[in-house]
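A.B. asks: Residues per chain are reported as follows:
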Amino acid sequence: MGIGASAERDPERLRPAVALEAAVPPPGEDVAPLTPDGVAQFGDRLRHGIRQGMLIRDDVLDVALATLLARGHLLLEDRPGVGKTQLARSIAGTVAGRFSRVQATVDLLPTDILGATIWHASSAAFHFHPGPIFANVVLVDELNRATPKTQSGLLEAMQERQVTVDGQSHPLERPFMVIATQNPTEGYDGTYPLPPAQLDRFLARVSLGYPTAEQEAALLRQDPEPPTSPTGSLRGLLAAQAGVERIDASDLLLRYVVAVLRGTREHPLAEAGASPRSGLQLLGAARARAALHGRDFVLPDDVQALAPAVLAHRVQAVAAAPPEAGLEVVADVLRQVPAR
Amino acid sequence: MPVDPAAAAAPLRALRGPHPGRPRPVADPRPSAHGRAAALIVLAAASGVGWWPVLGAATAACLPVLLLSVLVALGALRPRTAAALLLAWLPAALLLLGVPLSAFAPRAWDDDGAALLTGAGALTDAAGAAPTRDAWARAAALLATAALWPVAAVLARRRERSAAALALVLPALPLVAALALEHVADAAWPGALLLAATVLWVARGRLRTLVPLTLLVGLVSAAGGQAAGPEEQWLPFVEPAGRPPQFTRLDTTQGYGPLPDRRTGRTMAELTSPAPGLWRMQVLERFSNGWSVRLRERPELPQPAAVVTETTVRYAGLRDELVPAPGRIVGVAGREVVREDGEARRLDDEPGEGDVLRVRAEVVRATAAGLSRVPMPAPGEYADWTRIWGDGEIRRNGRPATELIEGVARGDEATDFQRVLRIASDLARGARTQLELVRRVRAYLLDPDRFRYTTDVPEPGTQPLYDFLLHRRTGYCQQFAGGAAALLRMAGVPTRVVTGFATGEASEGGTYVVRDRDAHAWIEVYFRGFGWVPFDPTPAATDARVDPSVDALAAAAPARPSSGGAGAALLLVPVAVLGGAALVGARRRRAADDGAVTPTGEVLATLVPGPVGPATTLAGLRPRLALIGPEVAALADRVERARWSGAAPDPDRHPRLRVWRALRHDVGPLRAAALLARGAPRRARPGSPGGH
Numbered sequence: 349m350g351i352g353a354s355a356e357r358d359p360e361r362l363r364p365a366v367a368l369e370a371a372v373p374p375p376g377e378d379v380a381p382l383t384p385d386g387v388a389q390f391g392d393r394l395r396h397g398i399r400q401g402m403l404i405r406d407d408v409l410d411v412a413l414a415t416l417l418a419r420g421h422l423l424l425e426d427r428p429g430v431g432k433t434q435l436a437r438s439i440a441g442t443v444a445g446r447f448s449r450v451q452a453t454v455d456l457l458p459t460d461i462l463g464a465t466i467w468h469a470s471s472a473a474f475h476f477h478p479g480p481i482f483a484n485v486v487l488v489d490e491l492n493r494a495t496p497k498t499q500s501g502l503l504e505a506m507q508e509r510q511v512t513v514d515g516q517s518h519p520l521e522r523p524f525m526v527i528a529t530q531n532p533t534e535g536y537d538g539t540y541p542l543p544p545a546q547l548d549r550f551l552a553r554v555s556l557g558y559p560t561a562e563q564e565a566a567l568l569r570q571d572p573e574p575p576t577s578p579t580g581s582l583r584g585l586l587a588a589q590a591g592v593e594r595i596d597a598s599d600l601l602l603r604y605v606v607a608v609l610r611g612t613r614e615h616p617l618a619e620a621g622a623s624p625r626s627g628l629q630l631l632g633a634a635r636a637r638a639a640l641h642g643r644d645f646v647l648p649d650d651v652q653a654l655a656p657a658v659l660a661h662r663v664q665a666v667a668a669a670p671p672e673a674g675l676e677v678v679a680d681v682l683r684q685v686p687a688r
Numbered sequence: 004m005p006v007d008p009a010a011a012a013a014p015l016r017a018l019r020g021p022h023p024g025r026p027r028p029v030a031d032p033r034p035s036a037h038g039r040a041a042a043l044i045v046l047a048a049a050s051g052v053g054w055w056p057v058l059g060a061a062t063a064a065c066l067p068v069l070l071l072s073v074l075v076a077l078g079a080l081r082p083r084t085a086a087a088l089l090l091a092w093l094p095a096a097l098l099l100l101g102v103p104l105s106a107f108a109p110r111a112w113d114d115d116g117a118a119l120l121t122g123a124g125a126l127t128d129a130a131g132a133a134p135t136r137d138a139w140a141r142a143a144a145l146l147a148t149a150a151l152w153p154v155a156a157v158l159a160r161r162r163e164r165s166a167a168a169l170a171l172v173l174p175a176l177p178l179v180a181a182l183a184l185e186h187v188a189d190a191a192w193p194g195a196l197l198l199a200a201t202v203l204w205v206a207r208g209r210l211r212t213l214v215p216l217t218l219l220v221g222l223v224s225a226a227g228g229q230a231a232g233p234e235e236q237w238l239p240f241v242e243p244a245g246r247p248p249q250f251t252r253l254d255t256t257q258g259y260g261p262l263p264d265r266r267t268g269r270t271m272a273e274l275t276s277p278a279p280g281l282w283r284m285q286v287l288e289r290f291s292n293g294w295s296v297r298l299r300e301r302p303e304l305p306q307p308a309a310v311v312t313e314t315t316v317r318y319a320g321l322r323d324e325l326v327p328a329p330g331r332i333v334g335v336a337g338r339e340v341v342r343e344d345g346e347a348r349r350l351d352d353e354p355g356e357g358d359v360l361r362v363r364a365e366v367v368r369a370t371a372a373g374l375s376r377v378p379m380p381a382p383g384e385y386a387d388w389t390r391i392w393g394d395g396e397i398r399r400n401g402r403p404a405t406e407l408i409e410g411v412a413r414g415d416e417a418t419d420f421q422r423v424l425r426i427a428s429d430l431a432r433g434a435r436t437q438l439e440l441v442r443r444v445r446a447y448l449l450d451p452d453r454f455r456y457t458t459d460v461p462e463p464g465t466q467p468l469y470d471f472l473l474h475r476r477t478g479y480c481q482q483f484a485g486g487a488a489a490l491l492r493m494a495g496v497p498t499r500v501v502t503g504f505a506t507g508e509a510s511e512g513g514t515y516v517v518r519d520r521d522a523h524a525w526i527e528v529y530f531r532g533f534g535w536v537p538f539d540p541t542p543a544a545t546d547a548r549v550d551p552s553v554d555a556l557a558a559a560a561p562a563r564p565s566s567g568g569a570g571a572a573l574l575l576v577p578v579a580v581l582g583g584a585a586l587v588g589a590r591r592r593r594a595a596d597d598g599a600v601t602p603t604g605e606v607l608a609t610l611v612p613g614p615v616g617p618a619t620t621l622a623g624l625r626p627r628l629a630l631i632g633p634e635v636a637a638l639a640d641r642v643e644r645a646r647w648s649g650a651a652p653d654p655d656r657h658p659r660l661r662v663w664r665a666l667r668h669d670v671g672p673l674r675a676a677a678l679l680a681r682g683a684p685r686r687a688r689p690g691s692p693g694g695h
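Respectively, the protein sequence lines represent chains A and B.
Just so we're aligned: the first sequence equals residues 349 to 688 in our numbering.
Just so we're aligned: the second sequence equals residues 4 to 695 in our numbering.
Derived by calculation from the structure, the hints in this document are not laboratory data.
We put the CB at the ideal spot given by N, CA and C, even for glycine.
It cannot be assumed that every hint is accurate.
To be verified - Looking from chain B toward chain A, a few residues come up when the C-beta cut is under 10 Å (computed): (1) G604; (2) P612; (3) G613; (4) A618; (5) T620; (6) P654.
Claimed, not checked - Only some residues are given here: those of chain A computed to face chain B with a beta carbon under 10 Å: (7) E508; (8) R509; (9) T512; (10) V513; (11) E593; (12) S598; (13) L601.
Said to hold, decoys possible - Just the calculated beta-carbon pair ranges, DEER-fashion: (14) P616/A / W663/B: 34 to 44 Å; (15) A168/B / R594/A: 57 to 67 Å; (16) Q510/A / P654/B: 49 to 59 Å; (17) A36/B / V606/A: 39 to 49 Å; (18) V606/A / R674/B: 38 to 48 Å; (19) E619/A / L216/B: 41 to 51 Å.
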């Protein structure tokens with residue numbers, strides 16, 4: 349079957365009308381990092397651009413931007429039709445990046461996502477045809493419908509940032525973000541809910557939710573899917589990501605984060621709490637949020653704002669707990685750890 | 004995105020209960036009612052025993068009050084019911100105690116009040132031979148218990164610490180009053196009972212475990228109290244054979260150690276004399292690390308101011324062969340006597356019960372005014388009576404010992420002897436008359452902050468008097484008299500130690516009853532033109548009863564009342580307060596150092612209204628702080644940056660001052676101080692989320 353059957357590419361719409369800035373530098377070269385103020389301005393431009401394309405809640409957008417700047421991947425968990433695809437498209441559009449979309453079904457194969465080598469008779473050689481994962485923003489719809497083998501193939505590539513096919517490694521794009529979606533999984537048959545180890549790969553999990561009445565009315569009124577003009581660039585995004593890494597977190601804040609993590613592990617409702625990897629990712633996201641606010645140091649507020657999104661899906665609740673116990677655990681812990 | 008916690012909380016709260024993963028130990032918050040009732044009973048019993056000598060069988064009238072209080076403390080009776088029962092029963096009890104019926108008429112209530120007060124005053128008088136029969140005194144006691152115990156029982160039901168402490172103090176007041184008024188002889192067992200009652204009061208748990216624990220605590224404390232006290236007051240567990248023999252003779256050798264015989268207060272003799280005096284039996288004139296009788300004959304010094312008096316001695320329990328007399332014995336009639344060293348006379352045989360002697364003795368009459376005209380003696384004038392070594396050793400150059408200290412620089416004293424010389428020379432500096440010196444030495448020894456009277460002394464060392472003067476500073480008449488005489492001799496004043504009996508208790512007809520406890524040692528100082536004048540340098544805490552007119556200096560100036568430890572105790576109060584404040588401040592500072600809590604942040608958190616949890620960050624407070632003013636918000640920003648940015652840490656001293664300064668710019672100094680002091684009113688909502 350190869351590529352193309354269930355993968356969708358839409359390069360025409362999302363290629364920038366005007367080439368704004370220089371192209372993304374090659375993998376070996378580094379981009380000059382932005383100052384926190386520069387990152388904050390860049391973030392404002394991104395926000396403006398994304399808001400042009402869709403209606404979205406402030407806190408969800410904050411988490412999405414923090415994930416983007418922290419080089420993480422996003423998991424959207426929502427009912428169908430609330431704008432998940434639109435969000436991915438808007439993010440790609442504002443940074444003038446390439447967008448690709450994968451619709452996961454039960455019969456999706458790993459090569460459908462990653463790509464395959466195909467014999468070209470004309471050149472009498474095997475050529476690698478890159479799959480839809482070779483893009484800046486990849487939307488994987490209904491990841492919980494794909495088989496575990498496909499899921500693991502995608503997640504491995506997400507982690508290693510390269511695809512190895514037939515012994516050859518092909519690096520993924522820089523910057524690179526995966527936005528995966530899964531529908532809430534109560535009682536649907538034919539789904540393979542992501543196991544906790546795989547959930548851990550996603551930096552944040554958010555839920556877009558339904559819009560308010562006014563927002564819905566405005567949505568119906570305006571042009572469906574207006575074109576998104578880029579307000580940033582890939583190079584700018586790389587610079588912003590480098591700038592985020594230079595934000596420092598004091599020892600006191602690290603102690604606070606550690607206290608939060610340990611709190612999730614010791615909570616009575618948690619079978620297993622947040623892992624150390626989640627601490628690293630939480631700290632990265634907190635740095636990104638601090639930079640987006642123009643600060644050169646991280647505050648506990650950043651941690652508090654991002655912890656539900658970053659930690660809740662990593663907390664395994666005890667068997668008798670109701671659903672969404674992870675959020676309750678994280679909320680409890682945040683309420684109790686002193687942050688002044 | 005985040006699920007509303009309140010909606011999700013409902014099923015989860017049910018889950019929170021007995022979760023197998025994390026059982027939380029819950030301490031019983033209610034105090035043990037049984038424990039408190041038991042403590043009430045213990046205290047009441049102790050008070051009853053304490054007041055028994057005064058009230059006698061009338062203490063039984065307080066039993067119903069005790070019963071009501073115990074029932075209230077146990078919760079079996081409501082306070083209102085108990086009050087009603089009490090009010091109904093009190094008049095009947097008062098009638099039973101002997102209050103006349105006419106006292107209940109409203110017209111007589113004024114007189115009733117006055118009578119009650121006099122009755123209460125009668126209670127404070129020392130316990131006589133029989134319990135009081137005064138109805139009003141009994142009524143006062145009953146009303147006092149009726150006021151204290153039910154209130155204590157009601158307070159015992161409450162949980163606040165102040166109420167519980169008050170409820171423990173109130174029933175203990177009768178016991179404490181009995182102790183203070185000395186209706187109870189010693190305080191060991193009441194103290195142990197008080198401790199036991201406190202343990203019962205404070206401890207939580209079942210009575211089954213409380214009672215053995217309290218018994219143990221009481222026994223240990225009583226045993227400890229007895230062990231720490233003087234040996235004579237120990238409970239007589241020792242075998243009678245091991246006990247020291249009862250006092251029948253005065254042993255004039257100065258042991259400076261524990262008393263070798265038991266004093267029981269038995270009457271030794273009755274002396275009839277025109278004036279009170281100290282009944283001496285032997286003088287000790289030789290000092291060589293301790294006082295002893297001189298063995299070589301010396302000419303007796305003249306006593307121009309002496310008057311010969313006749314004293315009649317009627318023996319009771321004394322079996323000593325030495326004859327007591329108020330001064331130097333001239334003649335004894337009634338028995339054969341021989342001269343003895345130390346200006347003493349010895350009977351040929353033990354005196355028996357009822358023997359009578361008539362003794363003629365020279366008594367020196369001297370007043371302080373007369374004595375103050377006598378100058379200091381010249382060096383060497385009374386060499387025999389100022390010598391401080393034995394007869395075989397001659398003092399260098401015959402100079403006063405105080406001159407010997409001049410060769411030693413102050414602070415360089417190497418031996419105890421030199422240190423005592425230093426004390427003597429300090430006391431003698433600038434004394435123009437001999438009486439002045441005697442007064443100084445006497446005052447030095449009578450200073451209650453420096454020396455203390457006790458009969459509980461350990462075995463003496465090789466230099467017991469120097470030990471007493473320099474190190475131990477506690478002793479009884481032997482040490483005080485010996486030390487005073489040593490100091491005076493070193494200063495060059497002729498002095499000697501005298502042993503005998505103190506004045507005793509005066510009864511009618513000029514008779515003085517002398518007990519074994521009156522055995523005493525004092526000093527005599529020779530004043531030219533007068534004779535050997537007695538002085539008593541032992542503190543008034545001694546058992547021996549000394550008439551003040553005997554000592555010329557005591558008659559001139561009243562003894563300074565011993566402040567005891569009151570001065571030090573008063574000083575302890577501010578020291579304790581300051582120490583406690585320093586501890587609290589240190590602990591608060593230490594608590595602020597570890598953990599993510601800054602003092603300034605805490606102070607700022609108190610300024611804002613609304614819920615503030617431990618997870619509320621300063622950034623979360625900032626909008627509310629901005630409502631107060633921009634300076635405060637800027638301060639919050641600065642503190643936040645200093646704290647979390649990893650730069651040099653802000654020492655954050657004087658947090659309140661910083662906040663006040665910032666507030667002052669926004670709302671003015673007065674309102675700033677008011678805001679700081681009061682804090683903002685806060686609605687406490689449990690489980691409210693931290694500021695986001």
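A.B. asks: Each of the hints needs a verdict: does it hold here or not?
C.D. replies: Right, here's what the structure says about each hint:
The interface hint given for G604/B holds, since its Cβ lies 4 Å from the closest Cβ of chain A, which is under the 10 Å cut-off. Given the 10 Å rule on beta carbons, the hint for P612/B is violated: about 17 Å separates it from the nearest Cβ of chain A. Residue-level restraint check for G613/B is violated (minimum Cβ-Cβ distance to chain A is 15 Å; threshold 10 Å). Taking 10 Å as the C-beta cut-off, the interface hint given for A618/B holds, the closest approach to chain A being about 5 Å.
A hinted interface residue such as T620/B counts as satisfied when its beta carbon comes closer than 10 Å to some beta carbon of chain A; here the least separation is about 5 Å, so the hint holds. Here the hint on P654/B is broken, as its CB sits about 15 Å from the closest CB of chain A, past 10 Å. With a least beta-carbon distance of about 29 Å to chain B, the hint placing E508/A at the interface is violated under the 10 Å criterion. Restraint check, R509/A versus chain B: the minimum CB separation of about 28 Å is more than 10 Å; hint violated.
At its closest, the beta carbon of T512/A sits 36 Å from a beta carbon of chain B; the interface hint therefore is violated under the 10 Å criterion. Taking 10 Å as the C-beta contact cut-off toward chain B, the hint placing V513/A at the interface is violated, the least distance being around 37 Å. Checking E593/A against chain B by beta carbon gives a least distance of about 15 Å; that is not within 10 Å, so the hint is violated. Taken as an interface hint, S598/A checks out: its beta carbon lies about 3 Å from the nearest beta carbon of chain B, inside 10 Å.
Interface restraint check: L601/A against chain B, minimum CB-CB distance 6 Å, threshold 10 Å, status holds. Distance hint check for P616/A and W663/B: the Cβ-Cβ separation is about 43 Å, which falls inside the suggested range of 34 to 44 Å. Range check, A168/B to R594/A: about 59 Å between beta-carbon atoms, so the 57 to 67 Å window is met. Remark: the range hint 49 to 59 Å for Q510/A to P654/B is upheld by a beta-carbon distance near 50 Å.
Judged by the Cβ atoms, the range 39 to 49 Å given for A36/B and V606/A holds: they are separated by roughly 46 Å. Remark: the range hint 38 to 48 Å for V606/A to R674/B is upheld by a beta-carbon distance near 41 Å. Range check, E619/A to L216/B: about 43 Å between beta-carbon atoms, so the 41 to 51 Å window is met.
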